[in-house]
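Novice: Here is how the chains run, residue by residue.
There are 2 protein chains.
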Amino acid sequence: MAEYSISELNKVKRGPKRANYDIDTINSILDDSFLCHVGYVYKGQAIVIPTAYARKGDVIYIHGSLKNRMMLSLLDAGVASVSVTHLDGLVLARSAFHHSANYRSVSIFGSVRKIDDSDEKMEALAYILNHMVPGHWDNVRHPNTKEFNATLVLEIKINTASAKIRAEGVNDEQEDHDLPIWAGVVPIKQVAYDAISDTNLPLDVKVPEAVKLYVSKNKSI
Amino acid sequence: MAEYSISELNKVKRGPKRANYDIDTINSILDDSFLCHVGYVYKGQAIVIPTAYARKGDVIYIHGSLKNRMMLSLLDAGVASVSVTHLDGLVLARSAFHHSANYRSVSIFGSVRKIDDSDEKMEALAYILNHMVPGHWDNVRHPNTKEFNATLVLEIKINTASAKIRAEGVNDEQEDHDLPIWAGVVPIKQVAYDAISDTNLPLDVKVPEAVKLYVSKNKSI
Numbered sequence: 717m718a719e720y721s722i723s724e725l726n727k728v729k730r731g732p733k734r735a736n737y738d739i740d741t742i743n744s745i746l747d748d749s750f751l752c753h754v755g756y757v758y759k760g761q762a763i764v765i766p767t768a769y770a771r772k773g774d775v776i777y778i779h780g781s782l783k784n785r786m787m788l789s790l791l792d793a794g795v796a797s798v799s800v801t802h803l804d805g806l807v808l809a810r811s812a813f814h815h816s817a818n819y820r821s822v823s824i825f826g827s828v829r830k831i832d833d834s835d836e837k838m839e840a841l842a843y844i845l846n847h848m849v850p851g852h853w854d855n856v857r858h859p860n861t862k863e864f865n866a867t868l869v870l871e872i873k874i875n876t877a878s879a880k881i882r883a884e885g886v887n888d889e890q891e892d893h894d895l896p897i898w899a900g901v902v903p904i905k906q907v908a909y910d911a912i913s914d915t916n917l918p919l920d921v922k923v924p925e926a927v928k929l930y931v932s933k934n935k936s937i
Numbered sequence: 717m718a719e720y721s722i723s724e725l726n727k728v729k730r731g732p733k734r735a736n737y738d739i740d741t742i743n744s745i746l747d748d749s750f751l752c753h754v755g756y757v758y759k760g761q762a763i764v765i766p767t768a769y770a771r772k773g774d775v776i777y778i779h780g781s782l783k784n785r786m787m788l789s790l791l792d793a794g795v796a797s798v799s800v801t802h803l804d805g806l807v808l809a810r811s812a813f814h815h816s817a818n819y820r821s822v823s824i825f826g827s828v829r830k831i832d833d834s835d836e837k838m839e840a841l842a843y844i845l846n847h848m849v850p851g852h853w854d855n856v857r858h859p860n861t862k863e864f865n866a867t868l869v870l871e872i873k874i875n876t877a878s879a880k881i882r883a884e885g886v887n888d889e890q891e892d893h894d895l896p897i898w899a900g901v902v903p904i905k906q907v908a909y910d911a912i913s914d915t916n917l918p919l920d921v922k923v924p925e926a927v928k929l930y931v932s933k934n935k936s937i
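Same order as they appear, the protein sequences are chains A and B.
Going by the numbering used here, the letters in the first sequence line up with residues 717 to 937, in that order.
Going by the numbering used here, the letters in the second sequence line up with residues 717 to 937, in that order.
Zero decoy hints are in this set.
Under 7 Å between C-beta atoms, here's a sample of chain A residues computed to sit facing chain B:
#1 Leu751
#2 Tyr756
#3 Pro766
#4 Ser799
#5 Ser811
#6 Ala812
#7 Pro896
#8 Gly900
#9 Pro903
#10 Ala908
#11 Asn916
I should point out that these hints are in silico values taken from the structure, not numbers from a laboratory.
Quick caveat, the model's predicted, so the values are computed rather than measured.
The C-beta atom is built at its ideal place from N, Cα and C for all residues, glycine as well.
Start from the sequences and build out the full structure, keeping to the hints where you can.
Specialist: What follows is the structure in structure tokens.
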């Protein structure tokens, strides 16, 4: 079981029994989402911005416009912190104190590099789109020179990372078990609904299989 | 229409037409979620951590253990950046370049204060629980002295904030409209499912109305 080494940066201090440094576990949490929150330092203060991403091996790709302050600040700093969180449920305990959530979260600490090579950059853009809807890159018009040049793509190489996972029921104090108070878990899930086609489509253009598959894999259970 | 004043910190630089500084709009986005991503600076690097929150007026409450590094770092810095994001849909365009997401996000910049007053602290804890499931504080056992003293509650007073909202269809280039390529929007929503009661409950303890109401308001459409 390959793990990220534990350092001051990625060590999970609170709730260490929920901590996980296993690379496969971390990758599976990263692959289940395409929205991350990136942190960067601007004039001494941390700023947090949501953005799309994709993973390839031990790197994360993000993209934005050439003038994006977050992207430029990350490039300037050379390091990035990225958080990915899935909310899986509300844990409603008998006591206020033991209320919690079921979740899977990952914190990444990585080094930032601008992707200059054209082939590598185009591949990264394909990864970002395919990470959202697998296989959909092959269905769309690829970037022309103007669009390609207007896009900044950064690679964040994962130097260290950690996951925190809570996936269980209520943990109340033993002496609270006989109280006439309800406790339980409310499952939470992010779901997709049937695609709404653009109104300007030529008549014979149908929803691609990749999009249908995405919806069917993410629809409400 | 009351707005946050625009400063270097909260000014939306990319996609300014999606920017919104209206306080009611920002508050409604904050009230629709209870999971935020907090940024703080640790040894010169930004770190991003997901946590629960509640809003009361122009303040955000977060809580954690007395030794929580994020909480202590925020207190030490005196300032916090908080991001709240709702993903509402995938915008799948004809061109890779015009792919986007429908979302509502808020960035807050605030000053951090530890809540020492007992009444104020208990009220903040009630706000955090009720922000998750409205009214549920009245159903549970409140913190005892030991639990209360083991909890650190911080107030983040919103000094400035901004929202970004995208809530529309595909924006492709005009010349791409006749291409035989599908485009459309896949709606995305975070939904709740029926509560799963703890197995150790006394027989006559039923799911509270507050929990049922939460589920019914957040179930899949």
